[in-house]
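Assemble the whole structure, with the sequences as input and the hints as a guide.
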Amino acid sequence: MEVQGEKLLQELISHEQALLAKVEAAKQEAQELLGQAEVEAQAIAAAIDQQIAQLTAEQTAQTRRQAEEVRLASLAKVEAEVAKLEARSQGRLDEAVKLVVERVLP
48 MEVQGEKLLQ
58 ELISHEQALL
68 AKVEAAKQEA
78 QELLGQAEVE
88 AQAIAAAIDQ
98 QIAQLTAEQT
108 AQTRRQAEEV
118 RLASLAKVEA
128 EVAKLEARSQ
138 GRLDEAVKLV
148 VERVLP
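So for the sequence shown, this note's numbering puts the first residue at 48; every next one is plus one.
Calculated directly from the structure, the hints in this document are not laboratory data. All C-beta atoms in this analysis are idealised placements derived from N, C-alpha and C, irrespective of residue type, glycine included. Certain hints may be false.
Said to hold, decoys possible - Each pair of labels, with its calculated beta carbon distance range: (1) R111 / E79: 44 to 50 angstroms; (2) A94 / K54: 55 to 61 angstroms; (3) A92 / A65: 36 to 42 angstroms; (4) A88 / R112: 52 to 58 angstroms; (5) L132 / A93: 37 to 43 angstroms; (6) K54 / E87: 47 to 53 angstroms.
Here you go:
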């Protein structure tokens, strides 16, 4: 009976060691998976950062173009208004000169 008990004990020890080896292998595999996941997460974060930078640059360029268009349109309006005022001023200047000539040189 003692031999059977000893054999059973050896089988239990062997089984326990096999289970411990499986647990250790599972831990190692989990560590490797975590490492891979971290590398993938870093790659995804880098790609997202690059996309954000590209979109930001595109948006900045578009905003600058729109601002330049608004500036040019405003400048054109101001120049047109200045031209109108200059024409009106010139017309009044001509009238003033004519009036002075009529009054001074009757």
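Which hint numbers does the structure go against, in order from smallest to largest?
-> 4, 5
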